[in-house]
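K.L.:
Sequence:
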Amino acid sequence: MSMKEAYEKKLEAQLKEWSAQVDKLKAQADAAEADAQLQYQKQVQELRAMQEDAEQKLRQLQKSSDTAWQDLKAGMDNAWDSLETAMKMASSRFK
1 MSMKEAYEKK LEAQLKEWSA QVDKLKAQAD AAEADAQLQY QKQVQELRAM QEDAEQKLRQ
61 LQKSSDTAWQ DLKAGMDNAW DSLETAMKMA SSRFK
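In case it helps, the numbering used here puts the sequence shown at residues 1 to 95.
Since no wrong hints were added, every one of them can be taken at face value.
As a list, the in silico DSBU-like pairs of lysine-lysine whose alpha-carbon atoms are at most 35 Å apart:
1. 42 with 88
2. 88 with 4
3. 42 with 73
4. 88 with 24
In case anyone wonders, no lab produced these hints; they're calculated from the structure.
Since this is a predicted model, take the numbers as computed values, not measurements.
Model the full structure from these sequences, guided by the hints.
P.N.:
Right under this line is the structure:
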């Protein structure tokens, strides 16, 4: 397995994990009181948008050549870091 393939697999696994976390947060938002529910749903929507952006970057990476993927990696790492931070913040707020 090439470095690119290993990196793609890692990102795919992380996206699946985050998707499950967002689903869990959405369920918590749906069960919250009316005022909190609106705030939680907004956060869930923001997380979904960030997740979609990360998925789009992953698709670009998957289509890139073995030599060009290194150029895309920095952007992917930044998107991943932002999404990871947002997920942690949302999870802590939902508790």
